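Enquirer: The listed protein sequences derive, respectively, from chains W and P.
Position 305 of the first sequence, counting from 1, maps to 305 under this note's numbering, and the rest follow consecutively.
Position 278 of the second sequence, counting from 1, maps to 278 under this note's numbering, and the rest follow consecutively.
Think of the hints as simulated: they come from the structure by calculation, not from any bench.
None of these values were measured; they are calculated from a predicted model.
Hints are not guaranteed to be accurate.
Note: identical chains are not told apart, hence a pair may lie in one copy or across any two.
Claimed, not checked - Under the rule of at most 27 Å between Cα atoms (straight-line distance), these lysine-lysine pairs were calculated in the DSSO-like manner: (1) Lys-60 x Lys-209; (2) Lys-38 x Lys-194; (3) Lys-289 x Lys-209; (4) Lys-194 x Lys-280; (5) Lys-289 x Lys-143; (6) Lys-194 x Lys-270; (7) Lys-280 x Lys-60; (8) Lys-28 x Lys-209; (9) Lys-209 x Lys-194; (10) Lys-194 x Lys-143; (11) Lys-270 x Lys-289; (12) Lys-143 x Lys-270; (13) Lys-60 x Lys-38; (14) Lys-209 x Lys-270; (15) Lys-143 x Lys-28; (16) Lys-280 x Lys-143; (17) Lys-28 x Lys-194; (18) Lys-194 x Lys-289; (19) Lys-60 x Lys-289; (20) Lys-60 x Lys-194.
Protein chains: 2
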Amino acid sequence: MSNVCDIYPDDRIILREVGLRDGLQLVKSFPSTAAKRKWIEREYDAGVRHFEVGSFLSAKNFPQFADVLEIVATIAALPGAHGIGLALNERGVDGALASHVAEIGTVVSATEEHSRANANRSRDQAIDNVRRLCELRDASTHKPIVSVAISMALGCSIVGPVDPREVIRLAEKCYAAGADVVAVADTVGYAGPKQVGELTAAVVRIAGKQPVCVHLHDTRGMGIANASAALDAGARILDGSLGGLGGCPFAPGATGNVVFEDLVFLCESKGFATGIDVEKLVDVRGILKETMPHEALYGGLARAGLPGKVARAVA
Amino acid sequence: MSNVCDIYPDDRIILREVGLRDGLQLVKSFPSTAAKRKWIEREYDAGVRHFEVGSFLSAKNFPQFADVLEIVATIAALPGAHGIGLALNERGVDGALASHVAEIGTVVSATEEHSRANANRSRDQAIDNVRRLCELRDASTHKPIVSVAISMALGCSIVGPVDPREVIRLAEKCYAAGADVVAVADTVGYAGPKQVGELTAAVVRIAGKQPVCVHLHDTRGMGIANASAALDAGARILDGSLGGLGGCPFAPGATGNVVFEDLVFLCESKGFATGIDVEKLVDVRGILKETMPHEALYGGLARAGLPGKVARAVA
């Protein structure tokens, strides 16, 4: 396997396309395997290298992820591309390990109430599962990266405000359990940039040399502002989805992840090279429009184009 | 007249509703005077106090501002409400002064090219006009506040990038000419938060005790992130429009101003009290939907509601 520092170097920004998993979590219709491949290949061509590939869940309940093994293989065939598969339970972990996906992601809820309501387990049990996942990983031949998202880290759909000290404590426990990456997730898009910046800075501090990801939703229009604050606070991995695809079962009517292409524009405007051609990226939205015509797509770049282009068009 | 410090105190944030002017600048259909009044009165009831009322332009070419005198009177009748009228030429200034609007806004282009193309005058001539406006103001009985927006301050639709030193030079000239407020305007939504923060900080520095406004458009999805950066850099006056209404003739297809209700949420989330009830504000969008059914409205708060409300709905 690759070292975590090769996949997540600490001297540059990594933007991860989570549309193929988080973006498809709740959709009614979804792209065919061939369309997903085209989506991945065209984003790869635009410079994207990190992709959430799907979730190792029952294909009966989640048919949108039934082709996860084929998507893992698609990513593995692209030089330098990195796939992340979500595994929420033991069976998922077995499937993910067997798939040889390069990174296995799992989730710990920030609040006891959400952990019990959503996953029917305590947070301690969730941390035990992370530990067990890391042991299985260590015993594997290909040793995938393990990442843990702390969901509801910036606000909980059940209890509301979340004590940041609890998130920091859980992040420490995740790293101690063997996780390579911890993601701070504003699952329901509750936070503003001040809160995101403060929590990110605190997690970056305890993470030391370990990578920290910030996973944001644009539910209340704060997504890009929150991403900017996360970057200022030292996060070097951010998640987004093409067109802001995706939603959350706990926030009905809410939009999904931060818009990937706007995230690229944000990073570049702040002087962080992403290696991604934003115009090529915007063009990939055509695949989503064709295969999921009823899904709302969001984003400023897609609407207005790059500044220079407009300037040329008008001048 | 009120002192500028009463209208724009330096110890709190002022959010200005510019939808009635900037938001209506390019629309094909527009609300009746009665509907505008309802819009103002309901926003006033939500806590909004600062309103751009319209533009003193030829009613033949801009019928949406034909009722500007009535709108000025509507605002003047509301205790503590403050109206701002735009005056772009001598005739407009005469009309604005005669209307007894509390604040007269005018514009100087950040680039020579845009100034000549858009207003058929040099920037020096535009500054001369500001000086003349301030002289007329000083000679008036009611002495309105004078504010100057430096348009294209963060990127120009004609020449592209703008030298921030030129903007700072122009801002100094505006204050020296007698302007009370200078607004840094990202007219075509070119900038990211780093650029907005740096320019805002520089203008705040030269402004001393004079108020600085930052006027942003959400063209590329950076509006709220840019507003956050402007606040961090010391701006205490921000413009927005309900639902993000408005566009720009120089950025076809682009969205308008920063979404006012999201701006309220941003400020409150950063600990800046706005005095505005965001839910009441969101409700006012109904007037826009009724009277301008073809205009796209934007905004995260309107989509998802306040975090607590969602929490209660789900829990």
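Enquirer: Now look at each hint and say whether the structure bears it out.
Expert: Now the hints, each set against the structure:
1. Lys-60 x Lys-209: neither (40 Å within a copy, 65 Å between copies)
2. Lys-38 x Lys-194: Close neither inside one copy (38 Å) nor across copies (34 Å); limit 27 Å.
3. Lys-289 x Lys-209: Classified as neither; 40 Å inside a copy, 51 Å across copies.
4. Lys-194 x Lys-280: between (32 Å within a copy, 24 Å between copies)
5. Lys-289 x Lys-143: Classified as neither: same-chain Cα gap 37 Å, cross-chain 55 Å, threshold 27 Å.
6. Lys-194 x Lys-270: both (18 Å within a copy, 5 Å between copies)
7. Lys-280 x Lys-60: neither (35 Å within a copy, 44 Å between copies)
8. Lys-28 x Lys-209: neither (40 Å within a copy, 56 Å between copies)
9. Lys-209 x Lys-194: both (24 Å within a copy, 26 Å between copies)
10. Lys-194 x Lys-143: This pair counts as neither: shortest intra-copy Cα distance 37 Å, inter-copy 39 Å.
11. Lys-270 x Lys-289: This pair counts as neither: shortest intra-copy Cα distance 30 Å, inter-copy 36 Å.
12. Lys-143 x Lys-270: neither (35 Å within a copy, 42 Å between copies)
13. Lys-60 x Lys-38: Result: close within a single copy only, 24 Å intra versus 53 Å inter.
14. Lys-209 x Lys-270: Within one copy only: 23 Å inside, 29 Å across.
15. Lys-143 x Lys-28: Close neither inside one copy (34 Å) nor across copies (61 Å); limit 27 Å.
16. Lys-280 x Lys-143: neither (33 Å within a copy, 54 Å between copies)
17. Lys-28 x Lys-194: neither (35 Å within a copy, 39 Å between copies)
18. Lys-194 x Lys-289: neither (34 Å within a copy, 32 Å between copies)
19. Lys-60 x Lys-289: Result: close within a single copy only, 25 Å intra versus 42 Å inter.
20. Lys-60 x Lys-194: The answer is neither: 41 Å in one copy and 47 Å across copies each exceed 27 Å.
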